[in-house]
Amino acid sequence: MTSRKIGYASPEQTAEKRSRQRWLSILAKADIADLESLFNNLPSKPDWTVIRAPEVGMIMARGRAGGTGQRFNLGEVTVTRCAVRLDYGATGHGYVMGRNRRHAELVAVVDAMMLIPSRREALESALIAPLAMRQTQHHQQVARKVAATKVDFFTMVRGD
Amino acid sequence: MYVAVKGGEQAIENSQALLADRRRGDRSLPELTIAQIREQMPLAVDRVMTEGSLHDRDLAALAIKQAAGDMHEAVFLLRAYRTTLPRFGISEPLNTDRMHIHRRISATYKDLPGGQVLGASFDYTHRLLDFALAAGDDRPVAELAEHAVDARMPRVAEILDHEGLIECEAPDSDDAPVSDITRESPRYPADRAARLQALARGDEGYLLALGYSTQRGYGNNHPFVGEIRHGTVSVEFEPEELGFPIEIGEIEVTECQMVNQFKGSTTKPPQFTRGYGLTFGHCERKAMSMALVDRALRAEELGETIDAPAQDHEFVLSHSDSVEASGFVQHLKLPHYVDFQAELVTVRALREKARRLAESSDDPESSSIAAE
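First to last, the protein sequences are chains P and F.
Read in my numbering, the first sequence has 36 at position 36, and its numbers run on one by one without any break.
Read in my numbering, the second sequence has 1023 at position 23, and its numbers run on one by one without any break.
Next up, chain F with everything else stripped away, as it sits in the complex (with noise of 0.2 Å):
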């Protein structure tokens, strides 16, 4: 029999309210702009629109703000929000050999053209915490130098691909199709291009815990930072009635590429492979865990020997998703109660059934039955 039950629905309206409430805070201080989260928390708007997917920074700082700081709730939100606009068309490839460098660095070669250009970054900093931000003594002033900084850098893979040393990332053809996993669910195993869309929208925190396994020895593959850069790129777009691309703006992006060995095989001899990492704003973690794992899931492709979690694509792309992930997750908070009901009863039936037994025998397989 099932029972429908109704009700709560002044509770819900109530918890609703009391969580705008709680989200308020103390009214005696000044609410907090849409343009204070977008202007003084850019990373967090970074993570969010990268992992929301979709570019739209104001958006991505009201989710923040709605979610109270949840950064998975503002990447749902956004992600709602997404599914009610129209798609216009599709740009063309980001040029990031074009990029208004703002940070690039490169672990695998001390002097490259262009040199290495810190950025901003919490890399050199101490990670003590700064009490005079407590104080509201917040009036940094960035240093100017007399030169700007190239305005091109080449790619350090272009470096290694002089010389043959590297696997060369030729374009695919014009006419082939994408893979679009917002249009199709990925089938396994999937192409490089429905992996790196999945893992560019993954949850960073997933890709970081898998990018440090193949590091730990769970398909290893001996890294090196090729490449990291992170400036603004335009967005490049042909819209129908004119017939020929435009630019549409400009997004910042950061980018990583990963040099990994290879052996080499039957028809390939030894070279450096690849792993790439790509996302919106200044996320440099998530680039390079996407760089690992972009890797690590090329492990069939290039013949290796596939026993890690990082290298399986059905296991890695399956549970990247922290919209998916999150939703299923905590679904468990929904109303169980007749699923629930029926186990007690099961349950109750077993314990019965092997208290008789044990009463009515000293048969030392009492317990085990038991324990069924």
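Chain P with its partners taken away, still in its complex shape (with noise of 0.2 Å):
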């Protein structure tokens, strides 16, 4: 919907920011607890150094009028922001919605541990694909229990 100014980006690049796109998303999204649980149980944990502490401010929703038309200001959400360089060198960098402190520098660590090729599909294996899966789960449970309140019209005959 928005022409973004993206300049020359090859295909592989596309892709890579496609996947760290889909892996921020999904770790932002997460519950805390599942996250962390997650995290503890992974067999090899780097060390690293926070490089921007966690810090909490606020990012201005915006909405369209209509839905479609001019943009408009609609309220602040609370955000947590923060940045870790692990030992080994990748930077990750860490937004999610709140003031979980844990949670943005959790969100932050793993970013970076994704970065590195190598570690890369256990990571997903062990994290990322759990955390998405429960988080579809929850949406298709609500979305049933919606569903359970469609409207089902039905036309009544005249008995004349």
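Keep in mind that the hints are not guaranteed to be accurate.
Stated by the list, open to error - With the Cβ distance kept under 7 Å, some of the chain P side facing chain F (calculated, not the full set):
id	residue
1	71
2	75
3	97
4	100
5	133
6	145
Hints are computed from structural coordinates only; laboratory data are not their basis.
Please read these numbers as outputs of a predicted model, since none were measured by experiment.
Glycine included, C-beta positions come from ideal geometry on N, C-alpha and C.
Reconstruct the complex from the two isolated chains, following the hints.
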């Protein structure tokens, strides 16, 4: 919908960006308790340095008139952000809604770990995929409850 | 002469302690937790977030607890907290088209793709007090359908759009500035972005009354509920250090598309026009009222006669904020001792003058002087 200036990106860069968007979204939307326990169960955890300490702030949420038209400011949402550097190099960023500093830090750590090609596959199956599955299941559960309230219209047959 | 008076420090401290004491109520009952308010009074939380202009369920629940259930006070608390936080940036516009639907109804089409989905609503209840709840017997189980509701539902406006029967809401340019009334006070007439922002954070009761006034003939524009949808949408934000947008979480929102009659003008053929409402959480009455007032405020743009309060930008927008309104009304409680002494002197002098006039003459004009 928006005409963003993407510049010239190779197909590989575009694919890499998409995968990163996907895991960052899954991590940000994850329940912090789920994320924490899956992270704790990882066989090896890296050491990291916090390069931007978890910070609470806001992002102004925008809407569009009529859903598709002129942009306007709806109101702000609380957000926590954090950046870390793993001891073996990669830098990760965490942006999560709400004020949970630990959540933002864990997202940044996992983001950095995912950027290391040799770790990615194992991390995907140990952490990202289970989180994604829980989120899909949650949405599915809600969507089935909602579906039970869908109206079935029927026509009364006149008896004349 | 102006005399400064001090005092009352101890009384104020004790008043605050008494307020806390009263808020806690009967100590033999368990204290309310923030989680209980967040989970069991979700609609109160939604209203406080919407009017407090800050989406944070825990903070809104805390505000409600601290305000002892006074909603305007809770909104004020959240607004005040909001000013202490830095703003990291601005989200991509929420894509309500991709909403995970919790409720979606239309009053203009019976059969529409995705169907009429009632969701959780008071609309179909009998409004009879439920004494089972009073007895602590609250063990509801929601039905589960075999199949989930459609993942994507087209907007009702799109159906009319195909025939050109409804005005098109085209996006503005990405580079164009967007008014922000939290940074710059609106000037009148206000642009649509400033209006929608003010309405979104405006007091629900006020907007409800104004919306109602348009239905009763004060600026009527024959509205239909084209669609109301409530559900969750992703919030997308582009951090500078990444250079591409990422999703940072999901929020619940309610959207109302009001479809209104329009006779047409010299430049436009007759077609339906729109009013729009959007809120955090599930604030359906508010979203509908907002849409009615949004449409009324477009009177000038659509070449309609402006003769009702709901069509007047300055009247509507300068009184919509409950924090401002509450502040100005309640400031009357502050000491006005000196002002009032001055008034007393004036009134006494006027009365004295009137008395003397009445005594000195039988002139019938004296009674009118007393009324000056």
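How the hints compare with the structure:
1. The beta carbon of residue 71 (chain P) is positioned within 7 Å of a beta carbon in chain F (closest approach about 5 Å), and the interface hint is therefore held.
2. Nearest Cβ of chain F to the Cβ of residue 75 (chain P): about 4 Å, under the 7 Å cut. The hint holds.
3. The closest approach between the C-beta of residue 97 (chain P) and any C-beta of chain F is roughly 3 Å, which is under the 7 Å cut-off, so the hint is satisfied.
4. Hint on residue 100 (chain P) is violated. Least Cβ distance to chain F is approximately 10 Å, over the 7 Å limit.
5. Contact between residue 133 (chain P) and chain F, as hinted, is not supported at the beta carbon level, the nearest pair being about 15 Å apart and thus beyond 7 Å.
6. For residue 145 (chain P), the interface hint holds, the least distance from its beta-carbon to any beta-carbon of chain F being 5 Å, beneath 7 Å.
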